[in-house]
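Chemist: Sequence:
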Amino acid sequence: MEENTPREAVISLNGVSKVYAIGDEKLTALNNVSLDIYPGEFACIIGRSGSGKSTLLNMMAGLEKPTRGCIRVAGRQIEALSEGELVRFRLKNVGFVFQSFNLFAMHTALDNVAMPLMYKGVPRDIRQRRARKMLEAVGLKSHMRHRPGEMSGGQQQRVGIARALVASPRILFADEPTGNLDFNTSREILRLIRSICRERGTTLIMVTHDPDMAQYADRVVRLLDGRITENTVNEAPAEVPAPDMNNEETP
30 MEENTPREAV ISLNGVSKVY AIGDEKLTAL NNVSLDIYPG EFACIIGRSG SGKSTLLNMM
90 AGLEKPTRGC IRVAGRQIEA LSEGELVRFR LKNVGFVFQS FNLFAMHTAL DNVAMPLMYK
150 GVPRDIRQRR ARKMLEAVGL KSHMRHRPGE MSGGQQQRVG IARALVASPR ILFADEPTGN
210 LDFNTSREIL RLIRSICRER GTTLIMVTHD PDMAQYADRV VRLLDGRITE NTVNEAPAEV
270 PAPDMNNEET P
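Going by the numbering used here, the letters in the sequence shown line up with residues 30 to 280, in that order.
Be careful, since some hints might not be right.
[Unchecked claim] No farther apart than 35 Å at their CA atoms in a straight line, the calculated lysine-lysine pairs in the DSBU-like style are these:
#, residue 1, residue 2
1, K94, K55
2, K162, K121
3, K94, K170
4, K121, K149
5, K170, K149
6, K149, K94
7, K94, K121
8, K162, K149
Quick caveat, the hints were computed from the structure, so don't treat them as lab data.
All chains, full assembly: derive it from the sequences and hints.
Modeler: See the structure below:
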């Protein structure tokens, strides 16, 4: 009986549309999108520029409200929440990894990673300890006191991953996390994100324009002109190949 019990989606969109007013014109970024993503899945959202993929991510993360439709995330109907409630919801449930890293240039890697815990009111000694442990997990034990300008692009993205996961979010949103990295480093960063999320049972939602990423995901969602054209489950995701340490940047 337990095997037949349906899983509950951690993210559920029902008839979601987003329309932007630009002067006298209206631009439809999302058009009647319905989508379920389940706990622990790695969902890859693929589409070319302007397809609506970043808007979809923003909807799921509660960064923008839909024009129409319902969005349920981690048991909450988020389109009905106030801005203050959304901030508290994100602090509790969500982590972000960005294409441009978004690190504080004047702070060390350790302080950058500890920042989300400070916003949650975690005492300094505890947040420093958790940040150190997270930096060790992403292979930056020797770079804790380095500032972003003293690290490579791959190392900075590792700091970004550590910062996103230090508060143990249920859901990790990654917006083109390898977009500013070379091929070799991109695959190593993807290996790292997927490995940590699998180990922790974290749901990973990654937006990308790179169709090759689909083979590594549990769920593949393709967008075109604001509509879902594909939503498939990959029963046997490929393993991300190890980087060639003799070529290109090593993270």
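Chemist: Now tell me, hint by hint, if it's right for this structure.
Modeler: Here's how the hints hold up against the structure:
{"no.": "1", "hint": "K94 with K55", "verdict": "holds (16 Å)"}
{"no.": "2", "hint": "K162 with K121", "verdict": "holds (20 Å)"}
{"no.": "3", "hint": "K94 with K170", "verdict": "violated (39 Å)"}
{"no.": "4", "hint": "K121 with K149", "verdict": "holds (8 Å)"}
{"no.": "5", "hint": "K170 with K149", "verdict": "holds (24 Å)"}
{"no.": "6", "hint": "K149 with K94", "verdict": "holds (24 Å)"}
{"no.": "7", "hint": "K94 with K121", "verdict": "holds (19 Å)"}
{"no.": "8", "hint": "K162 with K149", "verdict": "holds (18 Å)"}
Hint 3 alone, counting from the list given before, is not met by this structure.
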